[in-house]
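FYI, full-length UniProt numbering numbers position 44 of the sequence shown as 44, with every residue one higher than the one before it.
Certain hints may be false.
To be verified - Ranges between beta-carbon positions, derived for each pair:
1) G111 / Y255: 30 to 40 Å
2) G287 / R192: 40 to 50 Å
3) I169 / A195: 15 to 25 Å
Unchecked claim - In silico PhoX-like cross-links for lysine-lysine, where the CA-CA straight-line distance does not exceed 20 Å:
4) K163 / K143
5) K274 / K256
6) K116 / K242
7) K288 / K256
These are computed hints drawn from the structure, not numbers from a lab.
Heads up, the beta-carbon is just placed ideally off N, CA and C, and yes, glycines get one too.
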Amino acid sequence: MATAAAAAARFTPAILPRPRRRVPAPCASASSASGRGNRRLRCEFVASVGNGALSGEDDPRLIDRQKALDAAMTDINNSFGKGSVTRLGSAGGAFVETFPSGCLTLDFALGGGLPKGRVVEVYGPESSGKTTLALHAIAEIQKLGGNAMLVDAEHAFDPAYSKALGVDIENLIVCQPDNGEMALEIADRMCRSGAIDLICIDSVSALTPRAEIEGEIGMQQMGLQARLMSQALRKMSGNASKAGCTLMFLNQIRYKIGVFYGNPEVTSGGIALKFFASVRLEIRHIGKIKSVR
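All chains, please: the whole structure from these sequences, using the hints.
Written out as structure tokens, the structure is:
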């Protein structure tokens, strides 16, 4: 009997007390939500500045940092000119000004019109209305008393058609350059003069580099136009912003070879213009307007 009792005690599992779950201490303001046996507690703490506490204006560390920031900004403005660095709240030109494009629905979509002092790209297939939109924008800027310039790199300017759209061709500045370097250099100089409000370049595809013109037809010239546009935009974008001159580039589209998935269309002149442009407008021909008699 003693042996059987010892064997039973040996194989009988011990019954241990069930551990108690720890409950977090109650907070000042707590709300509990139970779901599937789980309890969630949300605590809200209210921090108040009492007597003896330091606020942001009285903290000596913040005061020293603010003094160091003001001293650095003053030193930079003295070295590089007034307004090199400024707080956006005290800047006068915090918002970008716009002017009408000649199309009311387009102005509504753009939030007021074309931006001043920015780069705008207008691209699309042939006969889609790119030049027409540019001429309407020129007419609108002239109505506001501004000056406009057309860089006709395609050598296809039509004065009669421009006049019919409302362009003051007598005061319109027109340039028909011999090569791409000449076109962009003239546009940059006119932009830096501060007397031009809108410069339209028609078109990027016609900005032929000088090396390509001087070479023979059929010679392989890799990336000349893309390099030309990249160098020009690095200079012209900053000058346009300072002068408040809008640079409108008209561009054509090309097709990639061997593209089976995705959009095979690509604009000419490299990808630099895509990055520098604040507004990119794609124009498509969707139908003809038939006159009703």
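### Query
Would the pair K274 and K256 pass a check requiring their Cα atoms to be no farther apart than 20 Å?
Holds - the C-alpha atoms of K256 and K274 are around 17 Å apart, at most 20 Å.
### Task
Check the following: the C-beta atoms of I169 and A195 are separated by a distance inside 15 to 25 Å.
holds, 19 Å
### Task
Could you see if the CB distance from G111 to Y255 stays within 30 to 40 Å?
Since the Cβ atoms of G111 and Y255 sit about 32 Å apart, the hinted range of 30 to 40 Å holds.
### Task
Would you mind confirming whether the straight-line C-alpha gap from K163 to K143 stays at or under 20 Å?
This hinted pair holds, its Cα atoms lying about 13 Å apart.
### Query
Are G287 and R192 spaced within 40 to 50 Å by their CB atoms?
holds, 42 Å
### Query
Are the Cα atoms of K116 and K242 separated by 20 Å or less?
holds, 10 Å
#### Entry: Hinted pair K288 and K256, Cα distance within 20 Å
Violated - the C-alpha atoms of K256 and K288 are around 28 Å apart, more than 20 Å.
In summary, the one numbered hint that this structure violates is 7.
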